[in-house]
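Visitor: The first sequence maps to residues 104 to 935 in our numbering.
None of these hints come from the bench; they were simulated from the model. Worth double-checking, as some hints may not be accurate.
In silico DSSO-like cross-links for lysine-lysine, where the CA-CA straight-line distance does not exceed 27 Å [to be verified]:
(1) Lys891 with Lys136
(2) Lys821 with Lys891
(3) Lys821 with Lys810
(4) Lys149 with Lys727
(5) Lys324 with Lys721
(6) Lys287 with Lys240
(7) Lys566 with Lys584
(8) Lys821 with Lys136
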Amino acid sequence: MSRYSFRESEAKWQQRWRERRSFEAQHDPTRPKYYVLEMFPYPSGKLHVGHVRNYTMGDLVARYRRAQGYNVLHPMGWDAFGLPAENAAIAGGIHPAVWTAENIASMREQLQRMGFAYDWSREVATCHPEYYRHEQKMFLDFLAKDLAYRRESWVNWDPVENTVLANEQVIEGRGWRSGALVEKRLLAQWNLRITRYSDELLEALAGLDRWPERVRLMQEKWIGRSEGARVHFALAGQQPGGRDEKIEVFTTRPDTLYGAAFLALSPHHPLAEELAANDPALAEFIAECDRMGTSEEAIETAEKRGYATGIEAIHPLDPSRVVPVYVANFVLMEYGTGAIFGCPAHDQRDLDFARKYALPVIPVVLPPKEDPASFAVGDTAYVDDGTLFNSGFLDGLSVPEAKRAVGERLEQTGAGQRTIAYRLRDWGVSRQRYWGCPIPVIHCPDCGIVPVPEEDLPVELPKDVSFDGPGNPLDRHPTWKHVACPYCNSPSTRETDTFDTFFESSWYFLRFCSARAPIAFERAAAEYWMPVDQYIGGVEHAVLHLLYSRFFTRALKECGYIDLDEPFAGLFTQGMVCHQTYQNAEGEWLFPEEVTSDPAGRLSDANGRPIVAGRLEKMSKSKKNVVGLDAIVETYGADTARLYLLSDSPPERDLEWTDTGIEGIWRYVNRLWRLVSEPAAPLPSPGGAVPGELSPALTAIRRLTHKTIAAVTDDIDKFRFNRAVARIRELTNALEDVGGDAPEVGAVLREGLEAVTRLLGPMMPHLAEEMWQCLGHDEMLVDVPWPKADAELARDEQVTIAVQVNGKLRATLDFPRDAAANEVEEAALALP
RNA sequence: GCCCAGGUGGCGGAAUUGGUAGACGCGCAGGUUUCAGGUACCUGUGGCAGCAAUGUCGUGGAAGUUCGAGUCUUCUCCUGGGCACCA
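From just these sequences and the hints, can you work out the full model?
Guide: Here is the structure:
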């Protein structure tokens, strides 16, 4: 009994594919294209099985579409800028460029050993000037179109990484990478005007019908559109400086305007800051608000607090009424106008505030079936629809009607206008780090901030930097930042901030279309290949990379690079790979190989101390539940690892890595190999027809073969890879029972074996090539088209009908497919 | 708090439109091979009762629609994920 020798086989076929350049994509507008892309990795050092699961799915799609006749583009590259390289430099004295290059080399080697069908001629690494020079040019174009601007603003400061984070990178008040509590700082920052496309990015989500609903929903929430109105409140009486001041508030409930009991300003509202200049108590209150904003616990337990400024504002619809103006800790400067009006009766937070400061609670929306004379709001604000009352000209209207009526009135009187507010903020892209793309601008004492002229690009990172001081090494570099102003020649300094690394990943899919072009990308190539037909990656990028890329594509369109809105037509978000975790009594994590199990299932470490098996968690170095890819490939080969990653769980769900699971696949691999290398019946030469007259058993095999082809094709189309694998195994099991000397046995067996081989091709490409060759074919399987099921053969001649009485199965009856209904009924009724 | 997704054997998971629940695999049990263990191969495997044919119970829980519900409806519990002083 021979074992499949994956070592020789995998190396052999990888070399053949490379020699024949099987996977190099050619721009050919006469052929239908298919662009498959997996989110490119950060070159952290080693590939882990989570990466491999992602790329195995992408490779399956790429090879499948290729077999279907598409001109497939399936590239790979490296998201090569980022902090770990810089941290390695600080810790180990190795230059980020060297560290990154070494990691890329070893990860490329690992990918190639997996046999992925990448077009390596298009490989890119974002840290090369040949790559990032193009995004410097893009940035200059963005500046010209006012899509990029610099502004002093409150930013999220990560005290561990010593850099700024975008809102999207702050998760529960902590840096998305470092996990450190984020602080607020006022800094001059470069921003990209993503908010220009707020509405478009939101509207277009509806058209992304091959995206997971979940991701679209998350982006929708992130953009956070809300319709409302801006309302102007004039200040009453004597004003500071005697000026005619107004406070502009934003509200989504203009219908409740008559219920207004107070105005509240953000602590950073210009008026609040102005008042604080002459009011030490207010200044102290504002300082207090700033202090508590940062700690997580403070946000959790923060009570709604306000400071009464003593100022009053005139009600815009009823000049006889005035409301007090507070500065309040719960009003955000960044959302709406930084000021609100409070309607305690119909907003819970406003109600809490009003109760605390003894403000009036005036109900203006009457719930259905309530008596206007007796209705009162207790501890719970009434937020639903009803009939307006206590509201002048609005009385009797429903909430939507009142919103419209107030909007119209405000616009007539000039006291406000209807508007739309978004949660989405502009994207701050400045990072105070070395290992990123330099922002191509120069600070000139005479001309101000000026762009680097295009002919001076790229602005390259200096190689001779030191990491032994605090802050940004670029800033400390002795010469790099000192330049003459390109416009007036005055001694000037370069911008030392670099781009957020999401800048690079926002357009790499375009670069792949013409990866060696002297420009960012050739328009014709990009318009042929784009959009990406199938994008595959982790759901953790649902609002980061995926939103930035959608924005970037639109920004590039506005700058005339390409006529395209959406970069990714199809998106699939795969689950994580998890593994059991192990902890000892001290709570220290152990590697799986450090844990042994006795016959009773008790776990212990090498010294016999007891070990507790923890929950399944995403593989991570800190929890030591990682599985080394090299060891797996060394023991079982790439194909076995690939099939395991496809077979055990639905691709969108998390997968638990188990050693016994991969051993099961390894047994299957050997069974397959035996099935073709030692066939149970003499096989006819390839290409022969299967005889028409067959025994019922052989007919059943043929039927299963064609049913399997149809079902697997459908399953792959729908990303049900685990089911596709199960179907192929079912057919394999059936073929193992086939045997005999009659010539038609061999013919049926060959048909089945060839189907199994071709269906497995995109999953286990090396083994499938080996099987295909063993079956006597000269051409490579990679060039063989996808099999087609014969619909006639796949159809059942006999159907089994269940007979149920009161929902309980009592008998089953077999009928020919075209049996008449009454015939079946009669037979059923004839049963005892 | 709000919004999603999901609860099916010991485990991962299958189950077109409501129509034979548990495909495929892991594990487990018995067997063959082996000096032995492991490997490999074969057979069996939802629970309960029974030698068996078979009966009966079974898709988180409760109710409902239906000849018939894992699938549809309502309520509820649990798990995972996302968002959150958003005016």
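Visitor: Against the structure, test the hints numbered earlier, and report the numbers of the ones violated in rising order.
Guide: 6
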